[in-house]
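Put chain Z on the given structure of chain H with help from the hints.
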Amino acid sequence: MNSSRKHVDLRAARLLTLDTEPYLSCAECFDRMDEYVEALLADPAYDDERMRTHLTACPACAEEAQSLMLLVAEDQSTTP
Amino acid sequence: MTLRGPDVHVRSAPAGTRWPEPADWVTALSLPGPEQEEALRSLHTLMLRASHHQVRRMRSALHDLGEDRIVELANEAADDAMMAVLAKLPTFEGRSRFTTWAYKFAIFQCATAVRQYEWQHRDVELDDAVPQVASAPSPDDLAEAGDLASAVCDAMMHVLTPHQRRVTVALLVDEVPIDVLADRLGTTRNALYKTLHDARKRLRAQLVASGHLPAVGPGRP
Chain H
1 MNSSRKHVDL RAARLLTLDT EPYLSCAECF DRMDEYVEAL LADPAYDDER
51 MRTHLTACPA CAEEAQSLML LVAEDQSTTP
Chain Z
81 MTLRGPDVHV RSAPAGTRWP EPADWVTALS LPGPEQEEAL RSLHTLMLRA
131 SHHQVRRMRS ALHDLGEDRI VELANEAADD AMMAVLAKLP TFEGRSRFTT
181 WAYKFAIFQC ATAVRQYEWQ HRDVELDDAV PQVASAPSPD DLAEAGDLAS
231 AVCDAMMHVL TPHQRRVTVA LLVDEVPIDV LADRLGTTRN ALYKTLHDAR
281 KRLRAQLVAS GHLPAVGPGR P
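Listed in order, the protein sequences are those of chains H and Z. According to this note's numbering, the residues represented by the first sequence are 1 to 80, in order. According to this note's numbering, the residues represented by the second sequence are 81 to 301, in order.
So here's chain H without its partners, still in its complex pose:
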């Protein structure tokens, strides 16, 4: 086994057993991301369970959603 392989610690164990129901694919997450981000910016209490669950379980989509939210928030704060 290559030494670069990490071992299963508590964090990995939790990630491996994360409850990812209800299912949402990465493509569906991308399709809905713009709408989700605007809804969250308009109302921080807004919830979409499928999006929330997917973003908790998929670091790549989560990074992109967070980045989009910051960019749109920046635009909104500079829009006259």
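Just so you know, these hints were derived from the structure itself, not from any lab. A hint or two may mislead.
Stated by the list, open to error - Think about it this way: if two alpha-carbon atoms lie no more than 25 Å apart in a straight line, the pair counts; the simulated SDA-like pairs of lysine to any residue are:
1. Z:LYS274 x H:ARG14
2. Z:LYS281 x H:PHE30
3. Z:LYS281 x Z:ASP254
4. Z:LYS274 x Z:GLY226
5. Z:LYS274 x Z:ARG246
6. Z:LYS168 x Z:ARG195
7. H:LYS6 x Z:GLU156
8. Z:LYS281 x H:LEU41
9. Z:LYS274 x H:ALA42
10. Z:LYS274 x H:LEU15
11. Z:LYS281 x H:MET69
12. Z:LYS274 x H:ASP47
13. Z:LYS274 x H:ARG32
14. Z:LYS168 x H:ALA62
15. Z:LYS274 x H:TYR23
16. Z:LYS168 x Z:ALA271
17. Z:LYS168 x Z:GLU205
18. Z:LYS274 x Z:ALA285
19. Z:LYS168 x H:PHE30
20. Z:LYS274 x Z:ALA231
21. Z:LYS168 x Z:GLU156
22. Z:LYS168 x H:ARG14
23. Z:LYS281 x H:ASP19
24. Z:LYS281 x H:ALA42
Structure of chain Z alone, referenced to chain H:
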């Protein structure tokens, strides 16, 4: 640099330049004429803004890359994103602002490009062996870590297919980004996430059965 839009050539705008935005982006980008050229310039400015924003967020992944090459990477991602937006233009339904919808393409292209760059010289192990339990967890979770991690490794051996083991270990133990793994395996981010979802479902069921995880009913929060 020259970008080719639908039937027109448009020179790119310098990063940071703001152009007047059309009231109806889809029409402005679709109908040939001066308004389309201006809309294409504005769109490219949006793409540059989002891709440079994304590169700044992931700067640490590009620590060995010179500033010129970083700018080039962001610009290439902006160009690719512009093509993606124009190809998907008929699918824009107006459920969000056009700018928000368009930004996500540039963020996606740029984030993917950065992750691919970060991993381009790194090997991805793709064997189906079950990884070992970490021997030195932090003191505060010593007991829980040992027990749960052992149970998870055991379950991985017994309830996952070799393919599910390869994917879960690469993504969640070795922390290979999902788009990098998709590229190496010749598959898609979607397919890998589905494999991961199914594997997690099997692991959870096994750990609930063994008493390591609480059973969750249909009325779960």
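Task: Broken hints, by number - done: 4, 7, 8, 9, 11, 17, 22 and 24
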